[in-house]
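**Q** Each chain, written out:
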Amino acid sequence: METAPKSVRGVPPGKNKPQAKRKKPRRYWEEESAPPAAGASPGPPGKKARTREPRPQRSRSVHLARAARSSKKPQIARNASDRKKPRRTLSGAQDPFPGSAPAPVEVARKFCRIDKSGKLPHPKPKTRSKLEKAEAQEEEASVRAARAELLLPEDPGFLEGEDGEDTAKILQTDIVEAVDIASAAKHFDLNLRQFGPYRLNYSRTGRHLALGGRRGHVAALDWVTKKLMCEINVMEAVRDIHFLHSEALLAVAQNRWLYIYDNQGIELHCIRRCDRVTRLEFLPFHFLLATASETGFLTYLDVSVGKIVTALNARAGRLGVMTQNPYNAVIHLGHSNGTVSLWSPGVKEPLAKILCHRGGVRAVAVESTGTYMATSGLDHQLKIFDLRGTFQPLSARTLPQGAGHLAFSQRGLLVAGMGDVVNIWTGQGKASPPSLEQPYLTHRLSGHVHGLQFCPFEDVLGVGHSGGITSMLVPGAAEPNFDGLENNPYRSRKQRQEWEVKALLEKVPAELICLDPRALAKVDVITLEQQKKERIERLGYDPDAKAAFQPKAKQKGRSSTASLVKRKKKVMDQEHRDKVRQSLEQQQQQQQELAKPARARPSALDRFVR
Amino acid sequence: MEPKRRPDASCERKQAATMNMTRNVENLLPLSQQEELVDLSNNYPLSTSEDEGDSDGERKCQKLLEAVCSLGGKNRWKLSERSEAGLMVSEFNVTTEGSGEKLVLSDLLGSATVLSSLAPVKKQLHRVKSKTLVIPFNKEEADQILREAAFSKTSQILSKWDPVILKNQQAEQLVFPMEKELPIVAPIEHIITGWKARTPLEQDIFNLLHKNKQPVTDPLLTPVEKASIKAMSLEEAKIRRAELQRTRALQSYYEARARREKRIKSKKYHKIIKKRKAKKALKEAEQLWKDCPSAALRDLEKLEMARVMERMSLKHQGNGKWAKSKAIMVRYDPEACQAMQEQLAKNRELTQKLQVVSEGEEEEGCTEEGVTSVSNDGMNGLQMDAASLNPWMLRSCNIEAKKGEINTDPEQQSEVVAPGSSESEGDERPVAEELLLKERSFQERVDPNNAKPMNDQEMEDSSSLELLSESRVLFQKLNKENHQSEGEQVSFVGTVVHIRRGDLAPEEFLVPQRLERAHVLEQGELGKEGHYQKRGLLRPLLKGEWKERNPHSKSDASGRKKKKEQMIDLQNLLTTRSSVKSLAVPTVVELEDEVETDQKQMIKEAFAGDDVIREFLKEKREAVEASKPKDLDLALPGWGEWVGMGLKPSAKKRRCFLMKAREGPPRKDKNLSNVIISEKRNIHAAAHQVRVVPHPFAHHQQFERTIQNPIGYTWNTQRAFQKLTLCKVDTKLGHIINPLKAENVGYRSSSKSDFSVLESNRKLLSRKQQKQLKESCSD
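As given, the protein sequences belong to chains A and B, one line each in that order.
Take 1 as the starting number for the first sequence in the working numbering and just add one per residue.
Take 1 as the starting number for the second sequence in the working numbering and just add one per residue.
FYI, nobody ran anything at the bench for these hints, they're computed from the structure.
No residue lacks a Cβ here, since even glycine has one placed at the ideal position from N, Cα and C.
Please note that the accuracy of each hint is not assured.
The calculated EDC-like cross-link candidates involving lysine to aspartate or glutamate, where the alpha carbons are at most 20 Å apart (straight line), are [to be verified]:
(1) B/618 <-> A/437
(2) A/348 <-> B/625
(3) B/167 <-> A/177
(4) A/169 <-> A/437
(5) B/670 <-> A/386
Just so you have them, the derived chain A footprint on chain B, three or more residues with Cβ under 8 Å [what the hints assert, rightly or not]:
(6) 282-296
(7) 654-665
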């Protein structure tokens with residue numbers, strides 16, 4: 001975060017890490033003839049000494065604040081204009097950086113959104129020009145976006161053990177010792193033994209925390225400054241608690257009904273149509289509050305207009321496990337028959353049903369990019385599924401004691417709460433599923449885990465348990481850069497109001513929720529064909545059909561009836577032949593695909609394949 | 001004035017009518033002549049119109065008179081042939097329509113010879129060279145011609161706007177009003193002179209500048225800049241265009257030629273061409289070697305690189321670049337020849353057919369694996385230093401051994417991908433024989449292995465040696481049975497075993513451990529089905545892959561039904577490999593209360609069965625059934641059959657009238673056994689989708705591609721967003737939009753030099769700057 005002081009403490013000097021090496025950037029006023037050695041040297045010597053000195057006794061590096069900027073130069077695409085000689089001006093001064101600013105290719109590729117995988121039918125020139133224009137636009141936009149990456153200055157945190165040291169053995173106290181004071185203050189415990197196991201929820205900006213104890217304790221606080229906003233006892237069992245779109249509104253699932261409080265603790269609404277709610281989820285872009293109830297209903301409540309959008313009967317008994325897919329706003333419900341069902345308010349039946357476990361599903365979590373889903377079941381297994389169309393398990397492992405709660409962080413760390421222990425796993429790289437081989441961090445709590453959530457934009461994991469609330473430090477959990485217009489943790493009241501209006505104006509209709517949101521950018525082929533059919537019926541002929549071949553009139557007796565017929569036949573045969581050839585080719589391709597053995601095992605030489 | 005009908009006028013008129021289409025204004029010249037005639041007639045009181053008003057009879061009379069007159073003179077009346085049928089036939093051989101003679105104007109005054117006053121008029125008329133006039137068109141035709149002429153002229157004038165219009169049509173944005181304020185390019189000197197240094201720093205800098213005596217004002221433009229302004233004159237542009245045209249033409253010729261050549265089917269021709277190319281390449285290489293050895297070396301390096309690439313690509317066919325280049329050199333270079341042969345041999349080795357593993361072997365597999373791993377230990381030992389850490393290596397070794405393949409060369413092994421027996425071995429041998437052999441060998445191998453106590457190291461060691469010898473015996477047997485072609489391999493195998501034994505000796509301490517491990521593994525996994533699966537390899541187990549990984553089930557697959565396969569697949573999905581490694585942190589594992597664990601155990605037991613799977617499969621089957629299109633039964637009772645209670649139409653009839661529903665597209669979850677994906681369309685979402693393909697697009701995919709790129713500011717930078725959402729026409733509020741003017745779109749005389757632009761710029765300079773300029777010039 002911005003407030004966090006930039007610390008380079010604890011960076012071991014011997015290690016070959018990008019963070020450790022600092023390259024002095026070449027300034028434009030510097031001459032080319034500056035000694036290259038000076039450029040490569042890692043900063044002034046005085047600074048080096050400083051980085052070394054206050055190393056903690058145990059040489060491991062904890063990095064919460066995003067301090068060091070990576071000096072690794074990204075691959076850069078240079079425009080053709082770059083290679084041109086810089087234009088001379090009257091004054092004789094040269095542009096030190098001629099041409100347009102370079103844009104890293106790799107990054108730009110990330111922003112290319114046109115799916116070029118499919119083969120297009122051969123376009124006519126006019127169409128082709130349009131396609132080319134669209135592609136040019138895409139390229140330009142992606143390059144601009146890649147250049148704008150420069151504006152994301154913060155790097156994610158990390159935790160590295162000594163050579164061969166297991167990071168899982170590093171205790172919270174060690175981490176707290178190693179980090180700066182501001183970050184250390186983010187680790188705290190709230191001892192609230194009286195009101196039972198706690199559920200908790202961070203607001204979307206990551207600034208506010210709401211907690212609800214089972215025995216009726218509801219509180220909301222600005223957890224960074226530890227300023228209490230409200231604290232009440234609702235004198236009823238609290239099942240779940242969730243912030244609505246902003247920190248000003250709070251939904252609490254109580255024993256009977258669903259209640260909405262404001263940040264002063266004043267009861268605003270009692271929603272009787274949502275009764276016996278067990279879990280709450282809020283879809284921020286649709287302004288929908290999804291509630292799963294004991295009666296087996298999944299209810300969507302539009303909080304912007306206060307209407308119930310749909311109430312879907314899941315037909316699977318009590319619903320106690322629910323999560324949302326942040327990518328497409330689909331709600332995942334876990335059932336006692338080992339399946340996870342995916343729901344959208346527009347469809348009365350589940351969009352998909354995945355058999356995940358032999359026993360019932362205990363917890364479900366979906367990664368922020370919507371790529372992976374983690375489930376844990378009564379069969380003590382923890383599985384990670386691929387949500388991109390196949391819904392197949394990528395990895396699985398049996399835990400000695402099944403995980404009762406799961407949560408993904410913004411950067412893809414997976415936490416599982418098992419009894420009074422939380423385990424955190426991390427992936428190998430970006431956009432890779434967490435590998436379940438080795439835990440990244442573990443922590444033991446003073447009570448059994450009842451609620452888990454990673455705090456957005458902070459390397460903090462909030463754990464609600466029977467002994468209260470624990471906020472623990474998990475380096476590298478959160479996204480270091482926030483969008484100030486979207487989720488600004490430092491926003492003022494006025495800014496929040498502005499944002500609220502804008503967000504309401506941009507509210508996405510509930511019926512747009514579907515498994516593949518990109519499908520909305522596709523033409524509705526079924527309707528299209530239907531309309532075409534109707535049109536043909538109405539007109540009595542197909543206006544778009546290719547006109548039948550009409551042989552040209554020729555002279556010298558070549559236009560006799562026989563020859564006309566012959567010519568017609570010839571063309572017809574040709575067309576037929578083409579058609580047959582095409583179908584044969586298709587068949588062959590299919591056969592080849594079938595016959596082609598799916599590669600039995602990856603070859604060692606696969607690493608050379610690019 | 002009405003012109004007279006003249007005998008030859010008709011043909012002239014016809015001509016005119018045919019030429020109508022091509023005529024333009026210039027062709028209307030005769031009209032002006034007519035006018036001349038009019039003037040003339042106006043000047044003189046006598047006009048021809050008087051006698052014209054009379055009837056034909058008078059004309060005839062005149063003719064007659066003329067004819068009579070001419071009788072005496074030399075002007076004889078030509079006998080004209082009568083070509084037309086006339087109503088009145090005169091005996092004087094005069095046609096009704098007159099002869100082919102032209103009428104002269106003075107003739108008209110012939111009858112008035114008596115009047116002396118008319119003599120000068122007549123003379124004048126003689127002088128007037130009366131050309132035959134084309135008959136003027138009637139009004140419609142004349143109008144048409146005029147219209148056409150006007151059209152062509154106007155279109156010509158307007159056609160110069162075509163590029164402008166095209167440009168405007170294609171432009172992303174049109175900005176109105178068009179008059180752009182030309183950017184005022186004031187030379188920097190002017191600005192500098194008008195600017196006064198105030199701060200001391202500025203003054204210092206200016207002092208410095210003045211000391212250096214930089215040319216502040218004169219010359220205004222450096223020669224370089226002048227040249228750059230003139231850089232693209234019209235002539236140059238023309239020259240460049242011509243050049244471009246020429247290159248384009250040349251390219252098209254070249255393309256056409258290449259196409260022609262490509263279409264030639266003659267093999268001989270291609271052979272000759274190929275040879276020529278090869279020769280040329282060789283010659284060039286030699287030349288290069290002579291001229292510039294370093295470049296040749298570079299070429300060689302490239303060749304080497306190509307070879308490496310090809311080696312990596314595992315093709316080993318003669319198609320690669322390297323192979324081709326070698327093929328050229330084969331005749332001259334024995335090394336190349338050898339390399340080529342090696343390559344081909346490798347190719348043959350790699351492209352052997354996969355040996356199908358028989359069903360009988362399925363159960364034996366597990367034990368065999370253990371055994372083979374034992375027999376392969378020597379080899380593993382060989383590779384210890386290099387490849388012990390490489391899982392692929394180890395695995396490939398094991399598999400090779402399992403298949404009975406002999407592959408001693410460790411280098412080769414790393415390249416082997418698909419296990420299979422060598423061609424010479426596997427092809428001729430009947431399968432049954434092979435089976436028998438395998439079974440026998442298996443028994444021989446297994447028995448001593450099982451009988452041994454596990455921990456006895458020495459025993460095992462000896463057993464491994466025994467095994468090796470056994471395997472040798474087996475191979476010898478095998479060879480005896482086989483054809484003569486394998487004679488070579490006997491010795492080969494022999495050497496292999498020798499090598500192994502030799503390697504075993506120094507690493508004896510390693511072998512027993514491995515044996516032990518093999519045993520443990522073997523016994524632990526004996527009962528399981530998927531024991532061949534690589535442990536720790538976590539990846540989605542799709543059906544195909546599963547089959548691939550498990551050769552036994554593959555052989556079995558034909559026998560099983562699909563449903564059952566699905567079941568097993570599901571079970572496989574749901575059973576994870578029990579984590580061999582427990583959580584690395586001991587502190588993590590913690591037992592809850594006894595009661596709770598008991599409860600968990602109970603629940604687990606309750607759910608342990610296949611109920612979940614069966615239920616799910618049932619549900620899926622129902623979903624599939626529900627989504628299938630239904631057949632339509634159109635059979636009606638009666639019609640040649642008895643009807644009544646309990647009677648149904650016959651099967652034959654029902655078959656006849658059953659309308660089979662068309663098979664829909666395959667379900668999305670067809671190959672995903674653990675998933676039910678709803679095929680129902682989300683109508684509410686579909687209402688937001690585009691349902692027409694707009695004009696220039698023929699196919700919806702093309703259109704989709706153009707709308708896939710998001711244009712909102714949520715996904716784009718601000719600049720990109722502005723650019724993407726540019727409005728087509730941009731107008732300024734309160735400004736008059738004048739029609740397009742030529743100078744607005746850059747039409748101006750090409751002779752106008754670029755300096756004039758500068759001049760015009762100067763006009764735009766502020767008055768103050770002008771003054772300064774003058775001053776500076778006068779200095």
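**Q** Would you list, in rising numerical order, the hints stated earlier that this structure does not obey?
**A** 1, 3, 6, 7
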